[in-house]
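Chemist: Construct the complete structure from the given sequences, taking the supplied hints into account.
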Amino acid sequence: MSVAIGDWAACFSRRGGSLRRVALVTATWFAAVGALWIVALDLLLRARSRDPVMVARLESTIHWAFILITSAAVYTIAYRIAVQLKRMHDVTVAVVESIGDAVLVLGRDRTIVYANPAAARMLDAKTETIVGLTAAEFSRRFLVQYPNGMVVTPDEFVAQRVFTEQGPLRYKVVLHPTERREVVVRSTASAVRPRPGAPPALVVSVMHDVTPNENLSRMRDRFLSSAAHALKTPVAIIKANVQLIARGEEVAGPSFQAIERQCARIDRLVQNLMVVSRARSHSLRLHAHRLALAQVVHEIALEVVTMRLPSEVRTEISASPVVYGDTERLATLVRNLCGEAIGAAVRGSPVTLYVSQPDRMTAELGVRYQPIPIPERTFSGDEDYDDTPLAHCATTTIAEAHGGTFGEESAGTTATLWVRLPAIEEHDVGA
Amino acid sequence: MSAPDDILIVDDDPDMSDVVKSALEAEGYACRTVANGREALDEVAREKPALVLLDMLMPVMNGRECAHELRRDYGASIPIIVMTAAEHAEARRAELDADGVLAKPFDLDQLVRAVKSQLERER
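Which chain is which? The protein sequence lines are A and B, in order.
Each number in our numbering corresponds to the 1-based position in the first sequence with 1458 added.
Each number in our numbering corresponds to the 1-based position in the second sequence with 17 added.
Note that these hints are calculated values from the structure, not bench results.
Take these hints with a grain of salt, some might be off.
[What the hints assert, rightly or not] Far from chain B, by Cβ distances over 12 Å, these chain A residues were calculated:
#  : residue
1  : V1483
2  : V1511
3  : H1521
4  : D1548
5  : E1595
6  : T1636
7  : A1656
8  : R1678
9  : T1820
10 : I1830
11 : P1831
12 : E1858
[Claimed, not checked] Heads up, simulated PhoX-like pairs for lysine-lysine below, C-alpha to C-alpha not over 25 Å straight-line:
#  : chain 1 : residue 1 : chain 2 : residue 2
13 : B       : K65       : B       : K133
14 : B       : K38       : A       : K1690
15 : B       : K38       : B       : K133
16 : B       : K38       : B       : K65
17 : A       : K1697     : B       : K38
18 : A       : K1630     : A       : K1584
19 : A       : K1697     : B       : K133
Idealized CB from N, CA, C, for every residue including glycine.
Modeler: Written as structure tokens, this is what we have:
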């Protein structure tokens, strides 16, 4: 750090003009006062005494006193300057070390001469192991990549390029502090030059961690990608049925019903996309009014009966709570619960849509089903696209927009997906 | 007259299975349908089909797992055509060691052509 601060201080020689003037004025004053002191005392001594020996002794004593006083003055000034410099050094170090972003300082030899604690945390390494690294060593240690996966060669590091190019330079890269952890950073490198046009004495590289934003952005892209792919299956079914009808090889009735079912599937997907995208843009609006939850569940149960489902859908209405809600959004929520349960249930086992009121202030709706045992269930990985995560996200969003919560639990061979909403008490009615 | 080729359609969406079945039966093939990979393996064990049309995303056992099990137990003796909504369908086919691939949404003509040419190759 002392090397870095020393070089840093040299950079302030741009302000050397004014500093030199101060030094010159101080020295001139010092010389003037000294000269005045010698001349004045000389005249005074010669006026008071005629004895040359006495005059010489007194002059010698006075000059020693002068040396003593000036030494004391120089000591005081030097001490104060040292204290000021130390304070500036401490403040500078404290400021750099308190910065939340990672700061790396590179010296003239292009190696790292300083790393702040945030850099050590970000890179999951001790400061001592970071200091001294060359660009090639840094590249090997942290496998630096562009977000598209291309490796960033050491020559392409902004902290290296800024030694020869006009800065500041910026880019976004992915670092790998450990095998399993990656950090996406927005990095800015600036050259610190002793004077304009001079080669950089130092390069300061600041790395801002944008991993959470990047993850959010990737999740959104994945949602869109998953929705786009989930649309392909219903479109495939509609297209094939239209072709069958056109050929006249199929009785049109079943084909029309299949088309109708797949249109409803597309509609549900689009509704979920709208809910999620509006929630993300903070523009989700509810057209809320008093409604009986049992009625919404009952209507969806009637609707799903017309579909060809691998499970029988039953209803169990043990209470009739009234909530303040948006009928259309709650209908989407119930369809999602039902769809998710059917997808995860043992084929042929019943799925039960229920409404209950656990307490005066809470209305609950949900779905109970017998889940496929985990050892028998295989997951899709990335080989195809499923709209379940999108439906799950939309359900959570709708529940929370109504002041409620969405959860799941399992007991024995039964799993439950539930949504709890605030129930309207009788005295609130009409409020 | 020889018995029609027997095709096993593996898809959890009955609307998809039905439309594929109708199109193939109109071409003279005999079709069986099952809803997931596990049922497909049971059905193949019961009676080996001439060809398997395999969806990818299914509960219980997905298409990837099913394709691996079929290859492990029967080698290349059962041709597999994968039906997928994924991007890079051809890469998916190679990855699963399948004989053919149909990228959704596909034409019925494409389906029939793929099945016909695969079965002819097997003869």
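Chemist: Sort out which numbered hints this structure fails and list those numbers smallest first.
Modeler: Going through the list in order, the structure violates hints 10, 11 and respects the others.
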